[in-house]
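S.K.: Chain by chain, the residues:
2 protein chains.
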Amino acid sequence: MADRKIILSESEMPKSWYNVAPDLPNPPSPPKHPGTGQPIGPEDLAPLFPMSLIGQEVSTDSEIPIPEPVLEAYAAYRPSPMIRATALEKALGTPAKIYYKYEGVSPAGSHKPNTAIAQAYYNKLEGTKRIATETGAGQWGSAISQVAGMFGLEVTVYMVKVSYDQKPYRKSLIETWGGTVFPSPTDRTNAGRKTLEADPNSPGSLGIAISEAVEDAATHDDTKYALGSVLNHVCLHQTIIGQEAKLQLAKVGESADVVIGCCGGGSNFAGLSFPYVRDKVAGSDVRLVAVEPTSCPTLTKGEYKYDFGDTAELTPLVEMYTLGHEFVPPAIHAGGLRYHGDSPLVSQIVHEGIAEAYAYNQLEVFEAGVQFARTEGIIPAPESTHAIKQAIVEALQAKEEGKEKTILFNLSGHGHFDMSAYDAYFAGELTAE
Amino acid sequence: MADRKIILSESEMPKSWYNVAPDLPNPPSPPKHPGTGQPIGPEDLAPLFPMSLIGQEVSTDSEIPIPEPVLEAYAAYRPSPMIRATALEKALGTPAKIYYKYEGVSPAGSHKPNTAIAQAYYNKLEGTKRIATETGAGQWGSAISQVAGMFGLEVTVYMVKVSYDQKPYRKSLIETWGGTVFPSPTDRTNAGRKTLEADPNSPGSLGIAISEAVEDAATHDDTKYALGSVLNHVCLHQTIIGQEAKLQLAKVGESADVVIGCCGGGSNFAGLSFPYVRDKVAGSDVRLVAVEPTSCPTLTKGEYKYDFGDTAELTPLVEMYTLGHEFVPPAIHAGGLRYHGDSPLVSQIVHEGIAEAYAYNQLEVFEAGVQFARTEGIIPAPESTHAIKQAIVEALQAKEEGKEKTILFNLSGHGHFDMSAYDAYFAGELTAE
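Residue numbers (numbering that gives the first Met the number 0), protein chains in the order written: chain V, 0 to 432; chain G, 0 to 432.
To be clear, the hints were calculated from the coordinates, so they are not data collected in a lab.
Just so you know, even glycine gets a beta-carbon here, dropped at the ideal spot from N, CA and C.
Some hints could be false.
[To be verified] Covered, in the sense of this in silico footprint (three residues per stretch, anywhere, with C-beta under 8 Å from a C-beta of chain V), are these stretches of chain G:
#, region
1, 3-10
2, 139-152
3, 165-174
4, 350-357
5, 365-379
Excised from the complex, chain V in its bound form (with noise of 0.2 Å):
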């Protein structure tokens, strides 16, 4: 029997991230500052960010090299495995194979420890001594946690206060590996303050948090901000999971026809796809497909103009898709794909056709989570079975046009922490939103 799993061996992985930004058509639009609407320069963002990070932020260079301590901290769970869906086939009866880049097996049980581990690095080189962070769902808070710590870095975490209650044990996970969470809003800052002022009782919200972190960053010589997704250089840091892919793919002599991630910030359909935007734009067929919510849907119903990423309108102006910096996405169990805005990147090849977006509700992208369960074992996070759906909608297609078609899509991560939306799914509390 052919091999199920395609692994590639440590000194098989990629020493370089790929740089997707030179191999556009057009140049990305520079970030504008909140104040004065004009471009902005590496000084403005010194205060939150290290100089490294911020080099790459704004890299013209199509191979960033990764640093040796970042290969090695990367080598506890990378290369990560690619799996062929063999009982998802069978079930799904397609001609289509489907293989999936599995990025749970990180300890933090997604993706985000890929560019984690990489901001921990340059911030430690920099000699910053705490990171402040915000979290949502807590994905991001408890993998920064998990690296930083290994780098001798503290971490502050502001947890939106609704998850935090919800989402206890992300929570504990942040706690285990060392990392300090508090319940934002929180009297710890003035953006904080301010919020509980006006409501004492306030559930936060992701752009509070964020104001609360970049506030705590920016008042303390010693601390810096990290981002979990969004910005370019957390995009490029993805880029590991695309390349081995195509090296694992290349191993047993398939190549991808279509290429699925699922995409709230962007870092993860990023990760997986930008490495083929250079093959895409000198002639590949090869197609790119984003998968959102619908009750968040950026890239299929947003509009492509310059916003803030932030609800209180205090980080820099970018161009992308977005439904408005004001909007508040209904409380949907895919955490993760509750953003307003995107990567002005992703945005960037969605608008220039160089990647397509579909979006599903909940009822859509659960069916598949549960089928997906139910045949390879693996338990998705609500936020990969997004991609899930779409690579069973292309299987499906597949065999009703009697075609052979290789579907790769990103396994972001595993559901393990959010069980009470799959309880959710079962006893029917779910909307189609």
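Got chain V sorted already, so can you dock chain G onto it with the hints?
M.R.: Frame of chain V, contents of chain G only:
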């Protein structure tokens, strides 16, 4: 740098299970009938188990070939990785090398699927339609639900009521994989009804749940019973772990000086250590170490004698270390190690001096587990922290003695569904029992 992970390809996966029985200096004692006290025969077990498993229970063959469909199902997550704990070694400042075999990569998150898959396969082959089983903390119930579904079998799980209420997400897992789960005692069996008559609010126990599952299987022609540990055929199926481990260490030119596993019913310790018994009996210096909780000290303080496997005195009598079949261990968080008895084969190798046993309390093992999580990243299951504790003890001893030493332990599962236990540890709610 040397690879941190030692990976085997699917083609290197062992093709047979290793049966320790013929290598033991003395033949295993036969199980005896609970009524007559006479040795039991295959026909006594036929209502509960398929004949192929009964054959494996008493086999004297050294190697038992693994059927092709079982190998295929194993390939979803096997061979499991072996990882060198370089970060933990560094934190301990030890000259010892610490390697761990990580069984948490299975979809169910523990070593349990290694036998669940085999049991599901043989049951399907012999016409079983449904499997009835019990589960305490839920590890076994979720593992059998996951794989039995893949083989087209139905699963009915009797889950100890107090766990059903306290660990709702294990129940969610069972349901997501298509199993049916009832809080035991139920009104579906005589054993359950009898218990409920005596105490309508009974919290249940593993003993009662076993009785319910056995009765369910014995009274339905299309239904068999399945057990997740203790029995010879269960330990047999787990020997894939130790066989892989030997191949992996050989790849880096190493061999283990000490082999460690936590021990409840015994199958996880057996899985790693049994393939070393042949070497040990032939004169090797390798040490085999079973680790248990001080609150349920079967191997370290129990008596070696014939005893029942369950509270209700329905199972055959087996010779083993036992605390007495009426012993009720305190409700520690390592639920998988709360068993009054132990695998007869594991008991025998401890009794005959082939293996050693140590016990640690909850505070000691959680301290070790947190140190592991903060260095190696993976959150260990509370059961597995017992093996980690022993590995740390061995590594610190090597440091004190200034000796090199190669330590191998079984990280039998992750703790993603046990975060409440970590919360209790950090909150200071655990006592040294």
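S.K.: If a hint holds in the structure, say so; if it does not, say that too.
M.R.: Here is how each hint holds up against the structure:
1. With a cut-off of 8 Å between beta carbons, the region 3-10 of chain G has 6 residues touching chain V; three or more are needed, and the interface restraint holds.
2. A stretch counts as covered by a chain when three or more of its residues have a beta carbon under 8 Å from one of that chain; for the region 139-152 of chain G and chain V the count is 4, and the coverage holds.
3. With 5 residues having a beta carbon nearer than 8 Å to a beta carbon of chain V, the region 165-174 of chain G meets the requirement of three or more and the stated coverage holds.
4. Counting residues of the region 350-357 of chain G whose C-beta sits closer than 8 Å to any C-beta of chain V gives 0, which falls short of three, so the coverage hint is violated.
5. A stretch counts as covered by a chain when three or more of its residues have a beta carbon under 8 Å from one of that chain; for the region 365-379 of chain G and chain V the count is 8, and the coverage holds.
The structure is inconsistent with hint 4 alone, although it conforms to all the rest.
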